[in-house]
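> Listed in order, the protein sequences are those of chains Z and F. Take any residue in the first sequence, count from 1 to its spot, add 8: that is its number in the numbering used here. Take any residue in the second sequence, count from 1 to its spot, add 13: that is its number in the numbering used here.
Just so you know, the hints here were simulated from the structure itself, not pulled from any lab data. C-beta atoms are modelled at their ideal positions from N, C-alpha and C, and glycine is treated no differently. Among the clues, some could well be false.
[Unchecked claim] No more than 30 angstroms apart at the CA atoms, straight line, and that leaves these computed lysine-lysine pairs for DSS-like:
#1 F:K50 with Z:K274
#2 Z:K158 with Z:K146
#3 F:K17 with Z:K265
[Stated by the list, open to error] Here are the simulated distance ranges between beta carbons:
#4 Z:S205 with F:D28: 33 to 41 angstroms
#5 F:T18 with Z:A58: 40 to 48 angstroms
#6 F:D142 with Z:D243: 24 to 32 angstroms
#7 Z:H220 with F:N75: 54 to 62 angstroms
#8 F:Q138 with Z:N53: 54 to 62 angstroms
#9 Z:G142 with F:T18: 34 to 42 angstroms
#10 Z:Q236 with F:K50: 55 to 63 angstroms
#11 Z:N53 with F:R16: 27 to 35 angstroms
#12 Z:S68 with F:A158: 49 to 57 angstroms
#13 Z:E154 with F:E22: 50 to 58 angstroms
#14 Z:S68 with F:T18: 53 to 61 angstroms
#15 F:A65 with Z:P209: 50 to 58 angstroms
#16 Z:S88 with F:R16: 47 to 55 angstroms
#17 F:N75 with Z:I143: 56 to 64 angstroms
[Unchecked claim] Some residues of chain Z that are not near chain F, with every Cβ distance over 10 angstroms (derived):
#18 K37
#19 T269
#20 G282
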Amino acid sequence: MTIQTLEIENQTHSTGSDAISLGAKMEVKNMSVFYGKFRALTDINMDIYANKITAIIGPSGCGKSTLLRSFNRMNDLTPSARVEGSILLDGRDITANREDVVDVRRRIGMVFQRPNPFPKSIYENVAYGPRLYGIRRKNDLDQIVEKSLKQAALWEEVKDKLHQSGLSLSGGQQQRLCIARALAVEPEVILMDEPASALDPISTLRIEELMHDIVKEYTILIVTHNMQQAARVSDFTAMMMIDENRSGRMIEFGETKSIFTNPKDKRTEDYVTGRFG
Amino acid sequence: MLRKTFETELQQLKDEVLVLGSMAEQAILNSVEALKKRDLKASERILEDDRAINKKRFDIENQLMILIATQQPMAHDLRLLASTMEIISELERMGDYAKGIANINIRMGDQPLLKPLIDIPRMAQKDVDMLHRALTAFVNEDVEAARVIPAEDDEVDALYNQVYRELMMFVIQDPKSIERANWLLWVAHNLERVADRVTNICERTIFIATGEMAEIKSTDDEFWKNQS
Numbered sequence: 009m010t011i012q013t014l015e016i017e018n019q020t021h022s023t024g025s026d027a028i029s030l031g032a033k034m035e036v037k038n039m040s041v042f043y044g045k046f047r048a049l050t051d052i053n054m055d056i057y058a059n060k061i062t063a064i065i066g067p068s069g070c071g072k073s074t075l076l077r078s079f080n081r082m083n084d085l086t087p088s089a090r091v092e093g094s095i096l097l098d099g100r101d102i103t104a105n106r107e108d109v110v111d112v113r114r115r116i117g118m119v120f121q122r123p124n125p126f127p128k129s130i131y132e133n134v135a136y137g138p139r140l141y142g143i144r145r146k147n148d149l150d151q152i153v154e155k156s157l158k159q160a161a162l163w164e165e166v167k168d169k170l171h172q173s174g175l176s177l178s179g180g181q182q183q184r185l186c187i188a189r190a191l192a193v194e195p196e197v198i199l200m201d202e203p204a205s206a207l208d209p210i211s212t213l214r215i216e217e218l219m220h221d222i223v224k225e226y227t228i229l230i231v232t233h234n235m236q237q238a239a240r241v242s243d244f245t246a247m248m249m250i251d252e253n254r255s256g257r258m259i260e261f262g263e264t265k266s267i268f269t270n271p272k273d274k275r276t277e278d279y280v281t282g283r284f285g
Numbered sequence: 014m015l016r017k018t019f020e021t022e023l024q025q026l027k028d029e030v031l032v033l034g035s036m037a038e039q040a041i042l043n044s045v046e047a048l049k050k051r052d053l054k055a056s057e058r059i060l061e062d063d064r065a066i067n068k069k070r071f072d073i074e075n076q077l078m079i080l081i082a083t084q085q086p087m088a089h090d091l092r093l094l095a096s097t098m099e100i101i102s103e104l105e106r107m108g109d110y111a112k113g114i115a116n117i118n119i120r121m122g123d124q125p126l127l128k129p130l131i132d133i134p135r136m137a138q139k140d141v142d143m144l145h146r147a148l149t150a151f152v153n154e155d156v157e158a159a160r161v162i163p164a165e166d167d168e169v170d171a172l173y174n175q176v177y178r179e180l181m182m183f184v185i186q187d188p189k190s191i192e193r194a195n196w197l198l199w200v201a202h203n204l205e206r207v208a209d210r211v212t213n214i215c216e217r218t219i220f221i222a223t224g225e226m227a228e229i230k231s232t233d234d235e236f237w238k239n240q241s
């Protein structure tokens, strides 16, 4: 009697040759984040693959949002925050002081938990970023607004009322407007911090479909508490937890299909099956 | 404990699989006993019991669908529920093998057995013994047992070979006995298939516990090679 293992893709990916073959858009290397003396994240290592959706999951307070905010240096806005290690974008360390933070945030856009359109028209919401970056000609702005709203699957719903307030839209539409606003400056990476947690199920699915549509052109990172969403939407999943010092660590990273069918770490298993968290 | 209700439901599900398993075990033993005693009434009862086995399988399948829809299982839970769907199908097919044996007994009518049954009841006993332990391994997710049990399929195969050779001898000596020999060969074949399905249950148990999708190679291939 012999046992033949059937072909089943079950390997996890980490840094190294796999990363090169898949195309790592960003690489996190031995990164720790401190708030004063408190070490909020410890030794994070991960690759963010180009044109893939990577989900970050884990119980509340494990540092998911802190990690996400590190990717476009949002943590700089917290006075006591300090980062050790590095985050490479196309091989260049964006945590270095010499880097232009404004440019980093153009290249790495962000969408937040609650839709937060500016109290301006739909058009102005989308045109705001490109204008900030020096695009003045109306024709160019019109094109950018239309393209961005189309990418965000909102164009058909708003093309006849572009000059109405962004705040007049429904919650789901407002969130798609915020995505259009993020896309308008042509970022390379989009960070999404629980982008659908304030939305109804239909709007949530719309956002997820939209993510699938735009990932061909962008690299997406999403933090979500909704494990079904992480399972549905992402290609890779990173599982985080706090250690005994209450510092966030990445305990498992791999292909989403492996994490949700056969995780390697018992703590991931317990979390994805709802045994804790 | 988080998900206490789900845990309880999973336990109930495993209990139901054991009930279905014991129905299949009983059907296999009863079908051979009825054949041995040429008890046609007992065989009729097996046909009725098979409907109960089928119903039980559908009930469990329904229970599984509800759990999948309402609990959104992941990782180990997902493997358990998906594999249980497979296992109940294996058990239902075992019930069909018993039904097949009962039908053979009924079709034989008042014709006597070609020979007294010795190895066929042994095959049935071995099948049931393997099945019982395979289901215990499933419930306890005992990988070690699940890896060992399929090797015992060789014993069932050896008995089958013995029955086959013996029946061929009868046919060679008296070609008119071919139909009665065929009936017994079908019975033995059904019992041989039961052991193969026990192996499938063991493969599923290993998958549930480890995530390892592995095929335990059957010795049947060698049997057929030897026949050619």
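> Against each hint, give a clear statement of whether it holds in the structure.
Going through the hints against the structure:
1. F:K50 with Z:K274: 54 angstroms, violated
2. Z:K158 with Z:K146: This hinted pair holds, its Cα atoms lying about 18 angstroms apart.
3. F:K17 with Z:K265: 26 angstroms, holds
4. Z:S205 with F:D28: 33 to 41 angstroms: 38 angstroms, holds
5. F:T18 with Z:A58: 40 to 48 angstroms: Because 43 angstroms falls inside the window, the suggested range holds.
6. F:D142 with Z:D243: 24 to 32 angstroms: 47 angstroms, violated
7. Z:H220 with F:N75: 54 to 62 angstroms: 33 angstroms, violated
8. F:Q138 with Z:N53: 54 to 62 angstroms: 57 angstroms, holds
9. Z:G142 with F:T18: 34 to 42 angstroms: Roughly 59 angstroms apart at Cβ, these two residues miss the hinted range, so it is violated.
10. Z:Q236 with F:K50: 55 to 63 angstroms: 56 angstroms, holds
11. Z:N53 with F:R16: 27 to 35 angstroms: The hint (27 to 35 angstroms, Cβ to Cβ) holds, given that N53 (chain Z) and R16 (chain F) are roughly 32 angstroms apart.
12. Z:S68 with F:A158: 49 to 57 angstroms: 40 angstroms, violated
13. Z:E154 with F:E22: 50 to 58 angstroms: 52 angstroms, holds
14. Z:S68 with F:T18: 53 to 61 angstroms: 22 angstroms, violated
15. F:A65 with Z:P209: 50 to 58 angstroms: 41 angstroms, violated
16. Z:S88 with F:R16: 47 to 55 angstroms: 39 angstroms, violated
17. F:N75 with Z:I143: 56 to 64 angstroms: 60 angstroms, holds
18. K37: 29 angstroms, holds
19. T269: 6 angstroms, violated
20. G282: About 5 angstroms separates G282 (chain Z) from the closest Cβ of chain F, which leaves it inside 10 angstroms; violated.
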